[in-house]
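Trainee: Chain by chain, the residues:
2 protein chains.
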Amino acid sequence: MASFLLSYVSCPKPISLTKDSGIDFSHRLCSFKINRVSFPAIKLSRRSTTMSVAPLDVRNIILDGYGYRQRFNVRSYEAETKNITIQSIFNFLEEASWNYVRLFWVYANESGATRRMIKNDLRWVVSRMELQIDEYPNPGDQVDIDTWVGSSGKNGMRRDWEIKWADTGKVFARATSTWAMVNQKTRRVWKMPDEVRAEISHSFIEKQAIIQDHPKKLCKIDDNARYVISGLQPKRKDMDMNNCVSNKTYVDWMLEAIPDECLNNYQLSKIILEYRSECKNSDVVQSISELGEVGIIENGYQENIHMNVNTQGDELPNVRNNRYTHLLQVKGESKCEEIVRGETTWKKRLV
Amino acid sequence: MASFLLSYVSCPKPISLTKDSGIDFSHRLCSFKINRVSFPAIKLSRRSTTMSVAPLDVRNIILDGYGYRQRFNVRSYEAETKNITIQSIFNFLEEASWNYVRLFWVYANESGATRRMIKNDLRWVVSRMELQIDEYPNPGDQVDIDTWVGSSGKNGMRRDWEIKWADTGKVFARATSTWAMVNQKTRRVWKMPDEVRAEISHSFIEKQAIIQDHPKKLCKIDDNARYVISGLQPKRKDMDMNNCVSNKTYVDWMLEAIPDECLNNYQLSKIILEYRSECKNSDVVQSISELGEVGIIENGYQENIHMNVNTQGDELPNVRNNRYTHLLQVKGESKCEEIVRGETTWKKRLV
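Line by line, the protein sequences are chains Z and D.
In terms of full-length UniProt numbering, the first sequence is residues 1 to 351.
In terms of full-length UniProt numbering, the second sequence is residues 1 to 351.
Chain Z on its own, in the form it takes in the complex (with noise of 0.2 Å):
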């Protein structure tokens, strides 16, 4: 049976809370008082602070106008033993992009497509996300995530964000989203018309979450792979408010393909997503994953293996860091189609 959580009341007799009983919970308090009726201490997250500000408050405007920040709350079903789920965190970047647009657009459509855009039947499409994570907060705790555009190569644009502590600022994870502009009807990448660069183009800063002249071109992987877990079908649910299947699904089906012994032991510091053609709804999708490289980073030392993929057992090498290439694809009778190139790197956990 599901475990709703519940408890009691603490009070030994109902109080009245009145309108200048508010408390300022900046700093950490050990008990309080409301109306002379003492109240226990509340464990407070040491990741919390007082107030947020709702997600369209200009006071949300970052980067000398550039950037948005939104504070959220990581609520209690985001997490799972603990720590905040990595689909959670991509959650979380959608909904700063989403606001981000809300908050300063002006003749952009909510999925970004501005006038010229729409005019030309054009439509953005990620074509590849990074996101490298050093800490994971639990739930009650508070995190800022800032995002801002800027321009990829000529004809695209790049998305980024940082994720920080809301009480320090400290920056604990980065990502970064290239986009490339598709004609709706022809369904190909279309070069930026100028009349679009000129709407979108001051808009970019230079400023980079990650920092990568020529990101890593992911391999191809094949059902040979040692996982392979097959029927995975989008649903509803699965879908993001344009109808496409959304990215955390796509994080959930990656993550399907890797071994509980991992899931256990390590913890995800980097995925890379590499975006190679639509899912369609009625699509029956298979979810492959290969242990690849092992990175043993010591002392600044990096060794690289590649794992022989015939390894008896299901028992991973005993080192720091475990690297898997991911596949996600539609299998055809004659041929698959790839749906998304990846990768993830684990980190042991701390014991």
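Hints are supplied without guarantee of correctness; some may be wrong.
No copy labels: a pair is met if it fits in one copy or bridges any two.
[As the list claims (entries may be wrong)] Computed list of lysine to aspartate or glutamate pairs in EDC-like fashion (alpha-carbon distance at most 16 Å, straight line):
{"#": "1", "residue 1": "K235", "residue 2": "D260"}
{"#": "2", "residue 1": "K207", "residue 2": "D283"}
{"#": "3", "residue 1": "K164", "residue 2": "E290"}
{"#": "4", "residue 1": "K237", "residue 2": "E80"}
{"#": "5", "residue 1": "K185", "residue 2": "D213"}
{"#": "6", "residue 1": "K237", "residue 2": "D260"}
{"#": "7", "residue 1": "K191", "residue 2": "D141"}
{"#": "8", "residue 1": "K185", "residue 2": "E278"}
{"#": "9", "residue 1": "K270", "residue 2": "D141"}
Everything labelled a hint here was simulated from the structure, so no lab data went into it.
A quick note: this is a predicted structure, and the numbers were derived from the prediction, not measured.
Following the hints, complete the assembly by docking chain D onto the known chain Z.
Mentor: Just chain D, lined up with the frame of chain Z:
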């Protein structure tokens, strides 16, 4: 490809936000200026207010110290076809309960077991849950959830919730749940020991979100029913913080067995779950549903018709309300084990 949302900063030149440039959005502004630079109109949600206090702020204590209120910004990814999903509402209820526990508990653990419950090897399990919803929030809306507890019979506990618009305080959804104590060793329902009653009974109040003296007992259906979905298995992400299958997941599974015709044209107005036994990690679950009674509610007149289950085709009768009976079960070779019995009522969407 996933369509993350993005757009561009609309200001013609960089702006500087100074400390005194905070703007109060408590009424809808058409446009605003920061340091003499005009910002165009922002489409504020009709349901958005300015500030939220953190979940553990004592300003969230209501009902003379017996209740807890939490404010939620509905996030973009919590919606489907513009409205919040019913699963997200179940998540919100869980989150509010969790914070009630964190704010009020003294001698209880995170799942609400008191000191003497732990001593007696007892824990809480939910036996029934009902949610009624009149209106659906959209992403960007803010809602408040109030929660409190009361007694349920001699040995049980009731947890109730009310969901209201943050701006007007109007209640648009109500939920109630009943809880029993279970002995962890025997896994059987247990009489509440007097010493436990002494710990918790002073926190109970009479207030009820949904008045019901004798909750309706749900009838049982079997896999001869019209809609049968097999092969559902709980995954990591389907478990809650206590490693039990979450309510959200049970609702997910129930909705799997609702035909698209209904999901597209009707909106859930009521859902009841009766928990029969625990779903284990390794269980393979069947979700079964049957279009049952149909209530035509017009001018206060309600007619109940038991539908012929052999109705041909997939068209639903053209009425304003549909009701489905549900069963989640683990199908064994000789007998099936019931997990959850359910009932959903659907109101025709206004076009």
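Trainee: Please go over all the hints and tell whether each is borne out by the structure.
Mentor: Results of checking the hints against the structure:
no. : hint        : in the structure
1   : K235 / D260 : between (24 Å within a copy, 11 Å between copies)
2   : K207 / D283 : neither (38 Å within a copy, 49 Å between copies)
3   : K164 / E290 : neither (32 Å within a copy, 49 Å between copies)
4   : K237 / E80  : between (19 Å within a copy, 7 Å between copies)
5   : K185 / D213 : neither (32 Å within a copy, 59 Å between copies)
6   : K237 / D260 : between (25 Å within a copy, 13 Å between copies)
7   : K191 / D141 : neither (43 Å within a copy, 37 Å between copies)
8   : K185 / E278 : within (14 Å within a copy, 50 Å between copies)
9   : K270 / D141 : neither (21 Å within a copy, 33 Å between copies)
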